[in-house]
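J.: Given next are the chains, with one letter for each unit.
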Amino acid sequence: MKEKTKYIFISIASLLTFILIWQLVSTTGIISARKLPDPVKLFETFLYKLTNKNPDGNVLGVHIWMSLKEALIGFFFGIVIGVPLGISMAWFDKFDKFFRPLFDLIKPIPPVGWVPIMITFFGIGIMSKVSVIFIAAFIPAVINSYSGIKQTKDVHKWVARTFGASNGQVLFTVAIPSAAPMIFTGARVALNGSWVSLVAAELIASTKGLGYMIQTARLVGRIDVVFVGVLVIGLFGAAMMEGLSFLERKFVKGGRRK
Amino acid sequence: MTNTLKISKNTRETWAYGFFGILVFLFMWQLACLYTNFGKIFPTPVYSLRAFLEAFIKPIGKYTLLGHIAISLKRVLIGYALSSVSGILIGLAMGHSKMIHAIIYPIFSIIRPIPGIAWIPLAILWIGIGEPTIYFIIFMGGFSQMVMNTMDGAQHVSKELIGVAKVLGARENQIFRKIVLPYCVPYIFTGLQTSLSTSWMAVLAAEMITAREGAGWLILAGMQTGRIENNVIGMISIGGVGLILASLLRDSERRLCRWSVRSR
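Protein sequences, first through last, are from chains X and B. Position 238 (the first sequence) corresponds to 225 in our numbering; numbering is contiguous. Position 50 (the second sequence) corresponds to 73 in our numbering; numbering is contiguous.
One or more hints might be untrue.
In silico lysine-lysine, DSS-like type, Cα no more than 27 Å apart, as pairs [unchecked claim]: (1) B:Lys182 with X:Lys(-9); (2) B:Lys189 with X:Lys94; (3) B:Lys182 with X:Lys(-7); (4) X:Lys(-7) with B:Lys121; (5) X:Lys140 with X:Lys81; (6) B:Lys97 with B:Lys121; (7) B:Lys85 with B:Lys97; (8) X:Lys56 with X:Lys237; (9) X:Lys84 with X:Lys94; (10) X:Lys(-9) with B:Lys121; (11) X:Lys144 with X:Lys237; (12) B:Lys189 with X:Lys(-7); (13) B:Lys189 with X:Lys(-9); (14) B:Lys121 with X:Lys(-11); (15) X:Lys(-11) with B:Lys81.
Over 10 Å on every C-beta distance to chain X, these chain B residues come out as not near it, computed from the model [unchecked claim]: (16) Thr37; (17) Phe50; (18) Cys56; (19) Thr59; (20) Thr67; (21) Leu72; (22) Arg73; (23) Tyr86; (24) Thr87; (25) Leu89; (26) Ala93; (27) Ile143; (28) Pro155; (29) Leu184; (30) Gly239; (31) Asp274.
Read the hints as simulated data drawn from the structure, not as lab findings. The beta carbon of each residue, even a glycine, is placed where N, CA and C say it ideally should be.
Work the whole structure out from these sequences, hints included.
T.: Structural data, given as C-alpha cells:
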C-alpha cells in the first residue's frame, strides 16, 4: 500500500512538472506562444470559447453537442444493424455464405474513405457524417458479434439441445449471452472508430462540430482554439469509452477480466 | 476448429453463394444507376471497372493510380515504422518499470484519447504543409495503440517465470531479454495490427486535407471535380492495399509466434 502511494505521488509530481515546464517554455519564449500557447492561456481560451462565438460562429457547447449527436446516432445505428447481422451471419450458414464476400469487400476500406462519396450523396449536412460513422461502427460490430457467436462452446450447445432446447432457444439463451463480452469489445472498437471518423469527416467538410472548430481555428491561425478543441475531443472520446465500460460492467456477466 | 471438415465439403457451395451475392449486388448497382436518380451522380459498375483499368495507364492529376498508391504506401510505411519503434520502446519501458510508468503514464494519458486525425490542424500549424506533417499525423495515429498494447504485454509477464529466473541467478537484463521481451511479442503484434489499420486511415485523412497526390487525394479530388468514378477506384484500391498489408502482417505473425494462442 505504501509503495502505491509513493507512485501516485510521483505521478502527480510528474504531471505538475510537465505543466510547469510547458508554462515556462512558452512564457519565456523558448517556443513562441504562436506555436505553443501556455496552459494558463489555454484555460482562458476554454472559458472564452464557452460563451464567445469567435472565430467560427458557434460557442463550444454547440460544437460539442453537434459532434456528440452525430457520433452517437451513427454509432447507435451501426450497432443496432451490425450486431444482429453479425449474429445471424454466424448462426445461419446460408446467410453467411451470401453476405460474407460482400462484407469482405467493404471491410478493408477505412471509414474515412467513404467521406467524399457520402458528401456527394447527402451534401455536407448531418446525414453524410452520420452515414460515415454508421459504416465505422457497423463493420467492427458485425465482425465481433460474428466471432463471438462462432466461439460459443459446442459442449454448451449440446447440453442445451440434450435438454430439449429448440434452435432459437439455443441461440438466445446460450450463444448470445456467451458472445456478449465479445459483442461489447466490438462496441468499444466501434465507438472508437466512430469518434475518429467523426473528427475526420468534420475536418474535411462541415459547418459545425469540434472538427470544424479546429479546422476553422487553424485557417485563421488561432492555435489556442485548436489546442482547446483537440483536448476537448480527447476528453469526450475518453468519457464515452468510460460510459461504455460502465454499461458493460452492468450488463455482462463474467466476461473480461479486471 | 471443428468446422474445418464441414467447410472443405461445402467449398463449392460457398463459392456459389458468394458469387451469387456479389452478382446480386452488382446487378442492383447497375439497375439503380440505369433507372433511378442514383445514376445521375454515380457511375455504373461497368463504367467504374473501365475507369479502374484505364487508371493504370492514364494519369489522374500528376500520377497514375499505381503512382498514387505508391506514394501513400511510402508515407504510411515511414510513419508506421516510426510510431511502431518508439511505441514499442516506450511501452516496454512503462510496462517493465513501475517508476517509468508512474512518471510517463499521466502525461501519456492526456494524449492517448486524442485521435491521430485530430492532430492534423495542429500539425499543419506546427510544421506547415508537406511530407513531415503527414508522417507526424500517421505517427500520432499509431503511437498510442502501440504503447498500450506493448505495455499490456510487459505488465502481464508471469511472475512465476521471473521468479524462477531470479532463483537461478539471472541478471536483470537477462530477465528482460529472455523473458519479458519474448512474452510481449504476441501483444506487440496485436498492437501492430490495429495500429496499421489506423495508420492507413490517418494517411487517407491527411492526404485529403493537405496533400496534392496519393490515394486520399485521389478520392477527394474525385468528389471535388465531380468525377465519382475516381472516387470509386480510389476506394477499391485503398481497400485492396489495406487488405494486402493486413494479411502480410498476419502471415508474419503466424510465422514468428507459433507458440502463442493469440495467433489464430
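J.: Against each hint, give a clear statement of whether it holds in the structure.
T.: Now the hints, each set against the structure:
no. : hint                     : result
1   : B:Lys182 with X:Lys(-9)  : 18 Å, holds
2   : B:Lys189 with X:Lys94    : 47 Å, violated
3   : B:Lys182 with X:Lys(-7)  : 22 Å, holds
4   : X:Lys(-7) with B:Lys121  : 11 Å, holds
5   : X:Lys140 with X:Lys81    : 21 Å, holds
6   : B:Lys97 with B:Lys121    : 37 Å, violated
7   : B:Lys85 with B:Lys97     : 17 Å, holds
8   : X:Lys56 with X:Lys237    : 24 Å, holds
9   : X:Lys84 with X:Lys94     : 16 Å, holds
10  : X:Lys(-9) with B:Lys121  : 10 Å, holds
11  : X:Lys144 with X:Lys237   : 25 Å, holds
12  : B:Lys189 with X:Lys(-7)  : 25 Å, holds
13  : B:Lys189 with X:Lys(-9)  : 23 Å, holds
14  : B:Lys121 with X:Lys(-11) : 14 Å, holds
15  : X:Lys(-11) with B:Lys81  : 69 Å, violated
16  : Thr37                    : 5 Å, violated
17  : Phe50                    : 12 Å, holds
18  : Cys56                    : 13 Å, holds
19  : Thr59                    : 13 Å, holds
20  : Thr67                    : 15 Å, holds
21  : Leu72                    : 14 Å, holds
22  : Arg73                    : 19 Å, holds
23  : Tyr86                    : 18 Å, holds
24  : Thr87                    : 19 Å, holds
25  : Leu89                    : 18 Å, holds
26  : Ala93                    : 18 Å, holds
27  : Ile143                   : 6 Å, violated
28  : Pro155                   : 15 Å, holds
29  : Leu184                   : 19 Å, holds
30  : Gly239                   : 8 Å, violated
31  : Asp274                   : 16 Å, holds
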